[in-house]
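Visitor: Sequence:
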Amino acid sequence: MIFNDIVAEWRCRRCLLTSVKEIAESYAFHDAHTSYNLLTFAKYANDWKQNHFHRDPLASYCNEVTSEEVEQEFWKDVIDLENTVVVKYGADLAVTKVGSGFPMNGRDFGGKMDPKEREYYANHPWNLNNLPILKDSVLSHMETGISGMMEPWVYVGMCLSAFCWHTEDHWTYSVNYLHWGERKIWYGVSGDEGEKFDRVMMELVPYLFERQPDVLHHMTTTMNPKILINKGIHVYTVHQEPGEFVITFPRSYHAGYNEGLNFAEAVNFAPADWLRKGRFCILEYARVHRNCVFSHEELMVKMAKCATKLSTNVGIAVHEELYEIIVREKHLRDTVIGKGITQSARVEYEHIPDDFRACVVCKTTLFMSSIICKHKRLVCLEHADRICSLCQTADLTFNYRYTAQELNYMYNMLSYGICDYSTWKSKLLSAINAKSHAVKPTLDDLRILVSVSKARCFPQCDATDEAMNIIKRSENIMQSARALMSRIRTRNNLRKHANECPANIKDIEKLEQSIEELPCTILNLEFIVKNYVQRLEDWRRRCSQFLINAIDYTDKYDHYIDLANKLIEEADDFNVNLTEIDDLERMLDKCHWLQCAHKILAWTPENKPDSKTGYQNIVGLDQAKGRWRLSELVELIEKGRSIANDDVKFQIEIDALNVMLKIGHQNEYVVQAFLRDKKNEGIGVEEAEKVRAVLEVSDWMTEEYTDKFRNEYKFARTVYDTARRLRGNRSYTLKSLSDLLFKIGKSFILRNSIMDSDMERLYDCVQCFCRRVSHMFAPSPSYYSIVEILNGRDDLTELIEGVTTPLILMDPLSLRDNWAYIENFESVEQLTHHVNSLYEQQRRLIVTLRKSNEARFIDEMCLCGSTKEEDDSIIRCLLCHAKYHSNCVQWNPFMSQLPVGYYLCVRCLRSRRPFVEDVKDACGTALPSLERMLVETALKHAEMAYTEALDVIGKLPPLDPLDAELCKNVDESLIAVFCNEIMNLEAWELITNALIRVKPPTEKDKMIYEQIKKRSISTQIPNVLFPDNNGSKRRRGLKRSVLGSGKFMAHRKRSRNDFHQEQDVCSATTCLKPYSDHIRWIQCEAGCSRWYHYVCVGQTVNRVDQTSLYCCHSCSSEGMCSSSGSITSCPP
1 MIFNDIVAEW RCRRCLLTSV KEIAESYAFH DAHTSYNLLT FAKYANDWKQ
51 NHFHRDPLAS YCNEVTSEEV EQEFWKDVID LENTVVVKYG ADLAVTKVGS
101 GFPMNGRDFG GKMDPKEREY YANHPWNLNN LPILKDSVLS HMETGISGMM
151 EPWVYVGMCL SAFCWHTEDH WTYSVNYLHW GERKIWYGVS GDEGEKFDRV
201 MMELVPYLFE RQPDVLHHMT TTMNPKILIN KGIHVYTVHQ EPGEFVITFP
251 RSYHAGYNEG LNFAEAVNFA PADWLRKGRF CILEYARVHR NCVFSHEELM
301 VKMAKCATKL STNVGIAVHE ELYEIIVREK HLRDTVIGKG ITQSARVEYE
351 HIPDDFRACV VCKTTLFMSS IICKHKRLVC LEHADRICSL CQTADLTFNY
401 RYTAQELNYM YNMLSYGICD YSTWKSKLLS AINAKSHAVK PTLDDLRILV
451 SVSKARCFPQ CDATDEAMNI IKRSENIMQS ARALMSRIRT RNNLRKHANE
501 CPANIKDIEK LEQSIEELPC TILNLEFIVK NYVQRLEDWR RRCSQFLINA
551 IDYTDKYDHY IDLANKLIEE ADDFNVNLTE IDDLERMLDK CHWLQCAHKI
601 LAWTPENKPD SKTGYQNIVG LDQAKGRWRL SELVELIEKG RSIANDDVKF
651 QIEIDALNVM LKIGHQNEYV VQAFLRDKKN EGIGVEEAEK VRAVLEVSDW
701 MTEEYTDKFR NEYKFARTVY DTARRLRGNR SYTLKSLSDL LFKIGKSFIL
751 RNSIMDSDME RLYDCVQCFC RRVSHMFAPS PSYYSIVEIL NGRDDLTELI
801 EGVTTPLILM DPLSLRDNWA YIENFESVEQ LTHHVNSLYE QQRRLIVTLR
851 KSNEARFIDE MCLCGSTKEE DDSIIRCLLC HAKYHSNCVQ WNPFMSQLPV
901 GYYLCVRCLR SRRPFVEDVK DACGTALPSL ERMLVETALK HAEMAYTEAL
951 DVIGKLPPLD PLDAELCKNV DESLIAVFCN EIMNLEAWEL ITNALIRVKP
1001 PTEKDKMIYE QIKKRSISTQ IPNVLFPDNN GSKRRRGLKR SVLGSGKFMA
1051 HRKRSRNDFH QEQDVCSATT CLKPYSDHIR WIQCEAGCSR WYHYVCVGQT
1101 VNRVDQTSLY CCHSCSSEGM CSSSGSITSC PP
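If you use the UniProt record's numbering, the sequence shown corresponds to residues 1 to 1132, in order.
For the record, the hints were derived by calculation from the structure and aren't laboratory data. A couple of the hints might just be wrong.
With a straight-line Cα cutoff of 25 Å, these simulated DMTMM-like cross-link-like pairs (lysine to aspartate or glutamate) come out [claimed, not checked]:
1) Lys506 <-> Asp583
2) Lys363 <-> Glu350
3) Lys883 <-> Asp859
4) Lys363 <-> Asp385
5) Lys510 <-> Asp444
6) Lys425 <-> Glu517
7) Lys454 <-> Asp465
8) Lys690 <-> Glu712
9) Lys506 <-> Asp582
10) Lys363 <-> Glu329
11) Lys955 <-> Glu989
12) Lys440 <-> Asp465
13) Lys135 <-> Glu117
14) Lys735 <-> Asp1077
15) Lys76 <-> Asp198
16) Lys302 <-> Asp444
Hey, can you work out the whole structure from these sequences and the hints?
Guide: Structure (structure tokens):
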């Protein structure tokens, strides 16, 4: 029994609405990311049906799934809000891309078929590729094929794949052919009950229509037919078997599903009786604000214009539809006139894309008419009141495609296509013999009548010959007018030669008279020509008035330049010989000359002329600065004399320019003498400023020595200001001083000056300090720069993350390599913040690193990178707990300062670890610099660490055993001491005694210690320690960048190259707040989607690379993660 009620869990209306609304938040079908061919999809569909119903149809006939079972299962799954059933549907596949199930001319989709039979079916009217474009099909008049409507779509279905309730686009007919496969089940509602169906659906699911009024057009809403029947809707069903056609009628709602794997093809078509339904559909689309697929009005006009090709049946239908459109359009235009809209313009909508000619209110594609405001908002005449709240009526323009007379003639001409010979001839005679006071026929009217004669094979007559002569005369006139209107003159300095054959005024008047004498009207041409003549006459009048009024051009030249340019630009559009242009150009020359002269006379550094303005057709400006050469000024003066014509005001300007020319020559001589005199070398910025002040009056000038001095002074001033800034904020470094001295040596003004000597002394002092610090800290061999030694441990984050960080041998005597990376900081504040941040995190990260190293294998930590089993010869680092083979480590002289049995690895022992007193002495005699600030900051942290450690040690009981909490406090304080690269000799004995009490060495540790001490040190120094097998090198130095606030969300495991920011929230219960130039994040993808630092959740690079899905500890404890081995869960 069809439409059986489905037994399911009962819910009250409130709960039901809540559940459905949650689904409605993202209702729609989604594209799958998997591609299939027909064979792979068939296997997927058959396997899915077998697994879903737990039956194998191939095993036994009794195992087949019945139609009733499929229908019962389909509607049960539809109303089940708890469980989700996912199926796939290869829907809306264009035949032009995937092929058609029907033969197509010019296309071969494979298969074996008799050529004659293929040709027969390729041209058969029931071939869905041909059906939409048959002779009497309305859609055959569309200029371009519309995919899905005029070009078929194929559908590859599977069990339970469905299509929801919908009507076809524009309420057209549709035909669906099932090529092969299991049945397709259809539910249908007659088009006569379309409005009732809409009301019932709105009553059943009002919240969907509130969100989207045209929701039924999106094919995303389905409803059990039983519910519709109970609401009084007549629902019919069709079970479509392979080889059967199913046709839907205009506005008939239909839905359905597939019982299993099948292959169907569908397309739309529209016979003549659809035209009325199509017009009603446009009104309904406007009501629900749905975009149209095409313009119904435009389609009617296209069909009306080819009336001779229409059959009588189609012609009558188009005739009736065009009448309805004209009546409605007349009513709407009368309404617009009543609103006071007076501006109008003809618009050829067929050349505008549909997306740019839709009503902003109802989304209707406009063709016959529209209203547009000054803000370019476009509406149909129905919504004229809603066009724009900011525009007045005067700001609105009525756009139209055809006038009312043209529409009436089009309507009348359409009737010719369905009339007999006598009626046709009488209409032709009345058209060519129209009285002078009567309305002339249009050129299109005559063409239609002649076309009807040829199409109907009417006998030739004198009226036909006369009509064709009129058409030929009209076309010749149109060609002449088009040639005149399309020849746009090109702007250049010789405008009168822009076109070889410009027109005369008499030619235009003759053209206008020819148009008036024609017995027919040419749409738009008469209006265009009259408008052209009016614009030309208006231009000549305004030009004459301008030349009369421009008597004060010497004072208002800027104003007159704009006016003259506008008049000349307007003249370019006429393509007519105009004597006024020469007068305008002479006026323009004078105004341009005055403009250039005044800019030189009123020159200021802030008033440099734009290189694109000025009198460029006289002289060439210095393009780089906009300044003038003396030779160019001479040319300007000569040009002024040639166009002055005894004008007194012109002569005043010329005399002023001569004075400036004389001063310019004098100043160029003064500067030349200054630069050639060796005594002026090292004169200093203050003295050079006096010379610059003298030359300021000639700042408009560009000459060899003037420009050379100008550049010398600018360079010296920049270097001078840089030196003052560096000394003022004490942020100079050895490299910045070296660069400054290099620049001073290139400056004529500063070379050998007092400032040069001062900078030399300052550089020597800083260099001496840097060399002293390098000797004090850098061991031999050294794998760290002085900056890396002093600024704190910046490698802890990557070591915890398991990143391979090779150490590369450095030259301890190279000041450039040892101090280069301090240049990344521009101020004392930046450097102090960075170093403090690294020291602040050391203690907590060392604790985390210890835990990580204790869990790692020795091959991940030892210098050799091997897993050789030498359990009795393994030594562990005191600080980071990294494990090494005793044969792989070398004795370090500092280890003699440690008690027997303790060892610091090469990563934790980076320097010689000089004494506090020596470091203080070096800083006390040094001048302020970033290098000294770095050393002082490291010294401060060393003193703080020793002070804290001594305070904790002082609280230890003398003989009593220590409890776990006290041992932990002592150990953490000792971490800070051993992380620092500066020693406090006075406190060292107390420190080591406390170390022995907290972590007493084993006899085994002491034995290994002695073995290492006795072993001779190898003379072969490796260039790289801890080499990376992938070939990457360790990052040397610091990275200072703009710190972003967002995470890299493009990939869940993607790291981010920035330092930790307060706004970057890690979701771990206890965030370690790592500060590094490469912090890696990971996102929980199994549940909460929160982000975590690698180091805060115990992740390493290798572990993440081997993990397909990460699940955080919180989600794992709540059971949100699968037990699959691909999921990683670590406590925060």
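Visitor: Next, verify each hint and record whether it holds.
Guide: Results of checking the hints against the structure:
Under the criterion of a C-alpha separation no larger than 25 Å, the hint pairing Lys506 with Asp583 is consistent with the structure, at around 22 Å. For the proposed pair Lys363 and Glu350, the alpha carbon gap of about 17 Å is at most 25 Å, so the pair holds. For a cut-off of 25 Å, the pair hint linking Lys883 to Asp859 stands: about 9 Å separates their Cα positions. Proximity of Lys363 to Asp385 is assessed by CA-CA distance (about 16 Å); at most 25 Å being required, the pair is judged to hold.
Pair hint Lys510 plus Asp444 holds up; C-alpha atoms about 24 Å apart against a cutoff of 25 Å. Taking the CA atoms of Lys425 and Glu517, the gap is about 24 Å. The hint holds against a cut of 25 Å. Between the alpha carbons of Lys454 and Asp465 the distance comes to roughly 12 Å, so the proposed pair stays at or under 25 Å and holds. For a cut-off of 25 Å, the pair hint linking Lys690 to Glu712 stands: about 14 Å separates their Cα positions.
Under the criterion of a C-alpha separation no larger than 25 Å, the hint pairing Lys506 with Asp582 is consistent with the structure, at around 20 Å. Under the criterion of a C-alpha separation no larger than 25 Å, the hint pairing Lys363 with Glu329 is consistent with the structure, at around 18 Å. Taking the CA atoms of Lys955 and Glu989, the gap is about 16 Å. The hint holds against a cut of 25 Å. With a C-alpha separation of about 18 Å, the suggested pair Lys440 and Asp465 falls inside the 25 Å cut-off, and the hint holds.
Restraint check: the Cα-Cα separation between Lys135 and Glu117 comes to about 23 Å, which is no more than 25 Å; the hinted pair holds. As the CA atoms of Lys735 and Asp1077 are separated by approximately 23 Å, the hinted pair is consistent with the 25 Å bound. Under the criterion of a C-alpha separation no larger than 25 Å, the hint pairing Lys76 with Asp198 is consistent with the structure, at around 24 Å. For the hint linking Lys302 to Asp444, the alpha-carbon distance of about 13 Å falls within 25 Å, and the restraint holds.
In terms of the numbered hints stated before, the structure departs from none.
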